[in-house]
Amino acid sequence: MSAAQAAAERPQQHHGPEAGDDRWREALRRIVSGSWAVSLGAVVLAILVGSIMIAATDQGVRTAIGYFGARPQDTFSAIGTAVGGAYSSLFRGAVWDFHATSFGNAIRPLTDSLTQATPLITAGLGVAVGFRAGQFNIGGRGQMLMAAVAGGWIGFGLNLPPVIHMLVAIAAGIIGGAIWAGVAGVLKATTGAHEVIVTIMLNYVAFYILGYLLATPGLLQAPGSSNPKTAPMKPNAIMPLLLGPKFALHWGFIFALLAVAFTWWLLERSRLGFEFRAVGENPAAARVAGIDVKRTTVAVMLVGGALVGLAGVTQVLGTTTTGFGDGIDAGVGFDAITVALLGRSTPLGVLGAAILFGAFRAGGATMQAAVGVPIEIVQVVQALIVLFIAAPPLVRAVFRLPQPGSRPRRAAATAAEVAA
Amino acid sequence: MSAVTATPDSTSVSADLRHVVVVSRKTPIALAIITALATLLYGLGSRPGYTHFRFSEYGDPVQLPTLSVNGMATAWLSLVVLAVLVVAAVGFVARQRKAPVWVPLVFALVAIIGFLGWAGAGSTAEYPVVSLVRGSVVLAVPLVFGALGGVIGERAGVVNIAIESQLLFGAFGAAIVGSLTHNPYVGTLAAIVAGVLVALVLGVFAITYRVDQIIVGVVLNVLVYGLTDFLYSQVLVPNGTRLNTTVRFEGVAIPGLSRIPVLGPALFRQSILVYAMYLAVPMVWFALYRTRWGLRLRAVGEHPQAADTVGIKVARVRYRALAVAGAVVGLGGAFYTVVSISSFGREMTAGAGYIALAAVIFGKWDPVRAALAALLFGAATNLQGTLSVVGAPVPSQFMLMLPYVVTILAVAGFVGRSRAPAADGTPYIKE
Numbered sequence: 001m002s003a004a005q006a007a008a009e010r011p012q013q014h015h016g017p018e019a020g021d022d023r024w025r026e027a028l029r030r031i032v033s034g035s036w037a038v039s040l041g042a043v044v045l046a047i048l049v050g051s052i053m054i055a056a057t058d059q060g061v062r063t064a065i066g067y068f069g070a071r072p073q074d075t076f077s078a079i080g081t082a083v084g085g086a087y088s089s090l091f092r093g094a095v096w097d098f099h100a101t102s103f104g105n106a107i108r109p110l111t112d113s114l115t116q117a118t119p120l121i122t123a124g125l126g127v128a129v130g131f132r133a134g135q136f137n138i139g140g141r142g143q144m145l146m147a148a149v150a151g152g153w154i155g156f157g158l159n160l161p162p163v164i165h166m167l168v169a170i171a172a173g174i175i176g177g178a179i180w181a182g183v184a185g186v187l188k189a190t191t192g193a194h195e196v197i198v199t200i201m202l203n204y205v206a207f208y209i210l211g212y213l214l215a216t217p218g219l220l221q222a223p224g225s226s227n228p229k230t231a232p233m234k235p236n237a238i239m240p241l242l243l244g245p246k247f248a249l250h251w252g253f254i255f256a257l258l259a260v261a262f263t264w265w266l267l268e269r270s271r272l273g274f275e276f277r278a279v280g281e282n283p284a285a286a287r288v289a290g291i292d293v294k295r296t297t298v299a300v301m302l303v304g305g306a307l308v309g310l311a312g313v314t315q316v317l318g319t320t321t322t323g324f325g326d327g328i329d330a331g332v333g334f335d336a337i338t339v340a341l342l343g344r345s346t347p348l349g350v351l352g353a354a355i356l357f358g359a360f361r362a363g364g365a366t367m368q369a370a371v372g373v374p375i376e377i378v379q380v381v382q383a384l385i386v387l388f389i390a391a392p393p394l395v396r397a398v399f400r401l402p403q404p405g406s407r408p409r410r411a412a413a414t415a416a417e418v419a420a
Numbered sequence: 001m002s003a004v005t006a007t008p009d010s011t012s013v014s015a016d017l018r019h020v021v022v023v024s025r026k027t028p029i030a031l032a033i034i035t036a037l038a039t040l041l042y043g044l045g046s047r048p049g050y051t052h053f054r055f056s057e058y059g060d061p062v063q064l065p066t067l068s069v070n071g072m073a074t075a076w077l078s079l080v081v082l083a084v085l086v087v088a089a090v091g092f093v094a095r096q097r098k099a100p101v102w103v104p105l106v107f108a109l110v111a112i113i114g115f116l117g118w119a120g121a122g123s124t125a126e127y128p129v130v131s132l133v134r135g136s137v138v139l140a141v142p143l144v145f146g147a148l149g150g151v152i153g154e155r156a157g158v159v160n161i162a163i164e165s166q167l168l169f170g171a172f173g174a175a176i177v178g179s180l181t182h183n184p185y186v187g188t189l190a191a192i193v194a195g196v197l198v199a200l201v202l203g204v205f206a207i208t209y210r211v212d213q214i215i216v217g218v219v220l221n222v223l224v225y226g227l228t229d230f231l232y233s234q235v236l237v238p239n240g241t242r243l244n245t246t247v248r249f250e251g252v253a254i255p256g257l258s259r260i261p262v263l264g265p266a267l268f269r270q271s272i273l274v275y276a277m278y279l280a281v282p283m284v285w286f287a288l289y290r291t292r293w294g295l296r297l298r299a300v301g302e303h304p305q306a307a308d309t310v311g312i313k314v315a316r317v318r319y320r321a322l323a324v325a326g327a328v329v330g331l332g333g334a335f336y337t338v339v340s341i342s343s344f345g346r347e348m349t350a351g352a353g354y355i356a357l358a359a360v361i362f363g364k365w366d367p368v369r370a371a372l373a374a375l376l377f378g379a380a381t382n383l384q385g386t387l388s389v390v391g392a393p394v395p396s397q398f399m400l401m402l403p404y405v406v407t408i409l410a411v412a413g414f415v416g417r418s419r420a421p422a423a424d425g426t427p428y429i430k431e
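Top line first, the protein sequences correspond to chains V and Y.
For the first sequence, this note's numbering begins at 1 and goes up steadily by one.
For the second sequence, this note's numbering begins at 1 and goes up steadily by one.
Looking at chain V on its own, in the form it has when it is part of the complex (with noise of 0.2 Å):
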């Protein structure tokens, strides 16, 4: 059926006696079945399935499964100290420690969270520019070494006035990620090698690369010392904390924010970024707009690259000033990945999703110290929300939200038609 047919179909039932009545429907339909309305429910099911994990694993409560037929409450008493536990000092790591005794203390949690969220927006955002040119970029840990290295031998080898020196190494960072996933660009663009298997490969090429240069002395290894770790980073490459010396905020916060400005204007306001999406939605298309599809392909790994250089650089800048060894990366390279699915490749989202992975990171260690439970839940939790985002009909079928596409009574047969 054509779309004039269809068109000719809709007008009947915004003029039919109920036309008010559908409205509220509709506007109630589009809430539950959004993305939105998807990506919490991958949350909450997340975490039913952590709360699942912590109360099996954990100690009292299979002591009190072991009596379950004598006094069953018991169990349910033990589940709920348990997960209830587990969760409250997740929260109190995270965003408010109720127990500290001054506000300073009390607003601390949320301040780290924001720490350690400011690698993960700056990598989700690389990311996330990728997926918009339907590119996946999984070259996030080998371009944060590579950042680091970059970065880290400026920060700590040179002698800079200050705010000078950290801009320049913080440029330099930006350059070592950008041209190390530019080497993947120019592979795909040139000879068609696939992005994901080269920026895989490129992990590991950089990791061992940086584990040369920590091994060897006169490289990157400190001056006298045996150790893989570099020397400290000179005070004036140092990014200035936010909040004082009390708080761990620095300002890569910041930055990170500008960065989220920055690739909203990109995506949306700039020419480069409207080929960027024309490629990743069609490139076929977009190469008889005119696009030159080649050149945008390495110009999104170069972008992507240097916005998760900016959070290498950040690592050995801002979190880790004392020198850095081969785990600098801590992880974010695959995280962000995590972060741009589940905020949905847009900068706003992938700023939200950001936070809120860094208040699981921050939260994640004060639950291990407090109730025992292994921050390894963490990951498990971050997996399970991206696998339940990315299969939206499967967190629909267990909230039974309405299937998209499925709309109720005489609208239905209209929606398909115009689908078809």
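Some clues are possibly wrong.
Said to hold, decoys possible - Some chain Y residues judged to face chain V by a derived CB distance under 10 Å, without partners named:
| no. | residue |
| --- | --- |
| 1 | Val-224 |
| 2 | Gly-226 |
| 3 | Ile-361 |
| 4 | Met-401 |
| 5 | Tyr-404 |
| 6 | Val-411 |
As the list claims (entries may be wrong) - Examples of chain Y residues toward chain V, derived with CB under 8 Å:
| no. | residue |
| --- | --- |
| 7 | Ile-215 |
| 8 | Val-222 |
| 9 | Phe-230 |
| 10 | Gln-397 |
| 11 | Phe-398 |
| 12 | Val-405 |
| 13 | Thr-407 |
Because the hints were derived from the structure by calculation, they are not lab data.
Note that the structure is predicted; figures quoted are calculated from it, not measured.
In this text, a Cβ means the ideal position worked out from N, Cα and C, and glycines have one as well.
On the provided structure of chain V, position chain Y as indicated by the hints.
Same frame as chain V, but now just chain Y:
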């Protein structure tokens, strides 16, 4: 066309047509580049002295003398052989024929020997040839199984980034069940089940829900890393003796074969999982290319629409392929906890799944080539330990980097032509 078929020698013409090969000049070019690089390396870094190769171990039935050769002479001699092989490869391509697979194989072997000769020159330490070969084979076990599983999945059109998580979960399953039952066979069975489990999760999301296969693969790796880390510190560590102490497979000497000098002790005094690997490679090859199952699987991977048209159930074939692939990879995962060491450790696969993925691509999605690539990568990993013993001037990081660099060159098309199955990575939506 009719004019061609009407000619008297139409049979030979059609036979010729059937043997259309895409001749790639990249193989000779790549081999020439490697030869040139080796020449440069040996020319710039001249290392005087003798290199010692020890061929026998204590207790071998046949004791061979230790071979001492001039290191630089070996290196230069190997370069001559390499140059001959380059000329041969050029010759094949000039006559419009594909360079046969033995050319790069012999090339790799000679290049390794020459490199060892150069690297060990002047050192008093001897190369233990037997344990070099044995170590390469043993280190390659999870890589070969992982690569075979990867080939099966990708040939059916499902990209399997999750090889890593299947290996890790297999190792985890084998550790727990093997410890509880004190029986490595049951542990191996559990590894297979664990591998299938991860593969089926991949299937549910990639085939049924049509989620991007790469996303599912990456996320599954994160998930299994987190899950095993969590269970390890929460369950395995407190109950280490009961849940995380397996009985390992004993080495079994094969009568007759194990008495062959050098190769016998290296290849035929191994654990049963290694013999399973020897069998798995031809079996997977046979299953893919000589059975109805394999034909359907490859059809689904190349052109699912066409396969669907002739009545093949695309989703079912892909699910079965993934389950088989998961079982094969899981078997490789068992290596870590019932062959290599007798307990599970955090993230003990350490990226082997990604090397296996690299082997799949370097091996051009062919089970035999992928297994050979995995063996080569195993040898590279094994070599870095040996090189540090003889004091070679090559940092270990560069040896460890080799598989990844080679794979980048492979996908970029510098080392042969890598073409993925046509429908690899695309979900099939029935119209």
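Going down the list of hints, with the structure as the test:
1. For Y:Val-224, the suggested interface contact is upheld, since its CB lies about 8 Å from the closest CB of chain V, less than 10 Å.
2. Checking Y:Gly-226 against chain V: minimum C-beta separation of about 3 Å stays under 10 Å; hint holds.
3. A least Cβ separation of about 6 Å between Y:Ile-361 and chain V falls short of the 10 Å threshold, and the interface hint therefore holds.
4. Given the 10 Å rule on beta carbons, the hint for Y:Met-401 holds: about 4 Å separates it from the nearest Cβ of chain V.
5. A cut of 10 Å between beta carbons decides the hint on Y:Tyr-404: the least distance to chain V is about 4 Å, and the hint holds.
6. This hint holds: Y:Val-411 has a C-beta 4 Å from the nearest C-beta of chain V, less than the 10 Å allowed.
7. The criterion of a C-beta within 8 Å of any C-beta in chain V is met by Y:Ile-215, whose closest approach is roughly 6 Å, and the hint holds.
8. At a threshold of 8 Å, the smallest CB-CB gap from Y:Val-222 to chain V is about 4 Å, leaving the interface hint in force.
9. The beta carbon of Y:Phe-230 comes within 4 Å of a beta carbon in chain V, closer than 8 Å, and the hint placing it at the interface holds.
10. About 4 Å separates the beta-carbon of Y:Gln-397 from the nearest beta-carbon of chain V, less than 8 Å, and the hint is met.
11. Below 8 Å, beta-carbon pairs count as interface contacts, and Y:Phe-398 has one with chain V at about 7 Å; its hint therefore holds.
12. Satisfaction of the interface hint for Y:Val-405 is found here, the shortest Cβ-Cβ separation to chain V being roughly 6 Å, below the 8 Å cut-off.
13. Hint status for Y:Thr-407: holds, given a least beta-carbon distance of 5 Å to chain V, under 8 Å.
Of the numbered hints listed earlier, not one is contradicted by the structure.
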